[in-house]
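Colleague: Chains A and B are the protein sequences, given in the same order.
Residue numbering for the first sequence follows our numbering, starting at 4 and increasing by one per position.
Residue numbering for the second sequence follows our numbering, starting at -19 and increasing by one per position.
Quick caveat, the hints were computed from the structure, so don't treat them as lab data.
Each hint should be verified, as a subset may be incorrect.
[Claimed, not checked] Label pairs and their calculated CB-CB ranges:
1. PHE271/A x SER120/B: 28 to 34 Å
2. PHE292/A x GLU207/B: 33 to 39 Å
3. SER120/B x SER273/A: 31 to 37 Å
4. GLU109/B x VAL165/A: 22 to 28 Å
5. GLN114/B x SER273/A: 53 to 59 Å
6. ALA163/A x SER92/B: 49 to 55 Å
7. PHE125/A x ALA46/B: 55 to 61 Å
8. ILE155/A x SER92/B: 52 to 58 Å
All C-beta atoms, glycine included, are put in the ideal place defined by N, C-alpha and C.
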Amino acid sequence: MDVLLSGQLLIAALVTGSIYALVAVGLNLIYGTMRMLNVAHGDLAMIGAYVAFWLFTLYGISPFIALFLAVVVTAALAAVLYLFIFKRVMRSVKLLDRAEANSLLVFFGISVILQNGSAYVFTTNPRGFQYLDQVLQIGSAAITANRLVTLILSLLLVFAVVAFFRFTMVGLALRALIQNRTASQIVGINIERIFLYSFMLGFALSGLAGALVSMYEQIWPFMGFPYTIAAFVIIILGGLGNLFGSLAAGMILGVLETFGIAITGPNFRSILIYGVLILVLLLRPQGLFGGKRVVAR
Amino acid sequence: MSDTLLELKNVSAGYGEVKVLKGVSLKVRRGSITALIGANGAGKTTLMRVVSGLIPVTQGTLALDAVDITREASSVRVERGISLIPEGRLIFPDFSVEENLKIGGYISRVRSRQSELIKQMYRFFPRLEERRNQAGETLSGGEQQMLAIARGLMADPRLLLLDEPSLGLAPQVVAQVFEKIQEVRSKGVTVFIVEQDVRSTLAFADYAYVLENGELQLEGPAADVRENPKVKESYLGL
Ligand SMILES: Nc1ncnc2c1ncn2[C@@H]1O[C@H](COP(=O)(O)OP(=O)(O)OP(=O)(O)O)[C@@H](O)[C@H]1O
Ligand SMILES: [Mg+2]
Chain A
4 MDVLLSGQLL IAALVTGSIY ALVAVGLNLI YGTMRMLNVA HGDLAMIGAY VAFWLFTLYG
64 ISPFIALFLA VVVTAALAAV LYLFIFKRVM RSVKLLDRAE ANSLLVFFGI SVILQNGSAY
124 VFTTNPRGFQ YLDQVLQIGS AAITANRLVT LILSLLLVFA VVAFFRFTMV GLALRALIQN
184 RTASQIVGIN IERIFLYSFM LGFALSGLAG ALVSMYEQIW PFMGFPYTIA AFVIIILGGL
244 GNLFGSLAAG MILGVLETFG IAITGPNFRS ILIYGVLILV LLLRPQGLFG GKRVVAR
Chain B
-19 MSDTLLELKN VSAGYGEVKV LKGVSLKVRR GSITALIGAN GAGKTTLMRV VSGLIPVTQG
41 TLALDAVDIT REASSVRVER GISLIPEGRL IFPDFSVEEN LKIGGYISRV RSRQSELIKQ
101 MYRFFPRLEE RRNQAGETLS GGEQQMLAIA RGLMADPRLL LLDEPSLGLA PQVVAQVFEK
161 IQEVRSKGVT VFIVEQDVRS TLAFADYAYV LENGELQLEG PAADVRENPK VKESYLGL
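Could you put the whole structure together from the sequences, leaning on the hints where they help?
Modeller: In structure tokens, the structure reads:
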């Protein structure tokens, strides 16, 4: 029981939670603005992790610098995918009704390609590297320096994301588009540009999270899938289209998972996460905080 | 500078297989209040959507101030000064009144004047200022309509498109809304309005078009249209 109260777990929960929040808010952003479920979302974290790994291993570049490259790589991938595939899917009026189903298949294909492409290029060997891994003592809690920095950075990023949605015109436009597509066009929002931004921002946040976890997690081609699942649970928990809800729900799932595993055992992780998903779907399908309008086009 | 602000030439449009507008040609004179009347399902809303760029034409051309805008996206048309106050209001339900106004001033032409325009809207509709932090969806119908109008005006339009602004409003409120529209016009904004209440609309507009089954049946100065026997019979119930 001691370990539950030591603060050790709370810090671990916050680390997991803030990473989850970053990954999930991007998934929800793309869903909210475009009504597309990115089942490849966690794979972008995998790409970000490999970027950090190779830059460190080959050139000794700090993961905190690699972060930026992870953002550039994933955002560029988002731009290419949007401009060459999804823009066409969204534009075709005939396809619009099927856009959701078709996009799911396209994302699924992208996920398969990213995973197997990485397996082919990087092999399926789990990788890792040592960076800032000395253990720090904070009161009774022990934490590796890289986790502490990850915690601080990801919390800062969560606040930055909140501020972006709250206080910038692009953030306002993103939130407008989530509520009503036609009304957004009426006020003069260039919706295709906002689609592109949500794609890039969503992908980049996932890539960034991947670069952060690369310092203490095993890196391999299939590491993204658990993040995809967690992010899905979080956006259901926080409400579809509710960006601030995702951030809060990410922290909540981090806490539930970390303390749940401490009580039960590591093998229970999936059971816990799917358990949360099923409970939410049964008890509060609209999410903890109520979903935003996810029907209006 | 020509007299015509908006010109549609032989415009056809619809929804997929459904053809709604069939070769509509019309002009909206600069500085006028021009009305579009017609029965339910005639295609009035469709025409407003075509002008604001929400749906594409299948045939014909649109010009604003003699500039061809047929292929331009809605966002470009708003920058050019076309602003729609849509049927059913379509305000942003989760945004506060103030955020709704802010997003109304999203386009770059007005963005630097945003806070000044918001103040102007609050002077225009004091009720909105009282409710500035209230979520859009919690406003009454009349307040939502005021917000929709104010949001449309935030874009500082040259051409204001109004699609049934009086829908669901009490008669006194309708009178207020019409007063506001007159006031807007007196500031030099051209108004193109769709209304169900044909009698009061024709009393208040300068010029009118009658649309039936996607085709124009009649046009003329509002006073003449009001005296037209067919209009009297079909729309005024005389
Ligand atoms: N999204 C749509 N898809 C298919 N058909 C549509 C769509 N919107 C409208 N229509 C059809 O187009 C026709 C014209 O509709 P429109 O909304 O333009 O009429 P209106 O003149 O504005 O009518 P009202 O006075 O009832 O508002 C109608 O027959 C309607 O059923
Ligand atoms: Mg209509």
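Colleague: Run every hint past the structure and note whether it holds.
Modeller: Here is how each hint holds up against the structure:
Evaluation of the 28 to 34 Å hint for PHE271/A and SER120/B yields a failure: the beta carbon distance comes to about 51 Å. At about 58 Å, the CB distance of PHE292/A to GLU207/B disagrees with the hint of 33 to 39 Å. Remark: the range hint 31 to 37 Å for SER120/B to SER273/A is contradicted by a beta-carbon distance near 49 Å. Judged by the Cβ atoms, the range 22 to 28 Å given for GLU109/B and VAL165/A holds: they are separated by roughly 27 Å.
For GLN114/B and SER273/A, the Cβ-Cβ distance of about 43 Å falls outside the hinted range of 53 to 59 Å, so the restraint is violated. Roughly 25 Å separates the CB atoms of ALA163/A and SER92/B, a value that falls outside the hinted 49 to 55 Å. Taking the beta carbon of each, PHE125/A and ALA46/B are about 60 Å apart, inside 55 to 61 Å as hinted. Taking 52 to 58 Å as the suggested C-beta distance range, the pair ILE155/A and SER92/B does not conform, at roughly 36 Å.
The structure fails to meet hints 1, 2, 3, 5, 6 and 8 from the earlier list, while all remaining hints are met.
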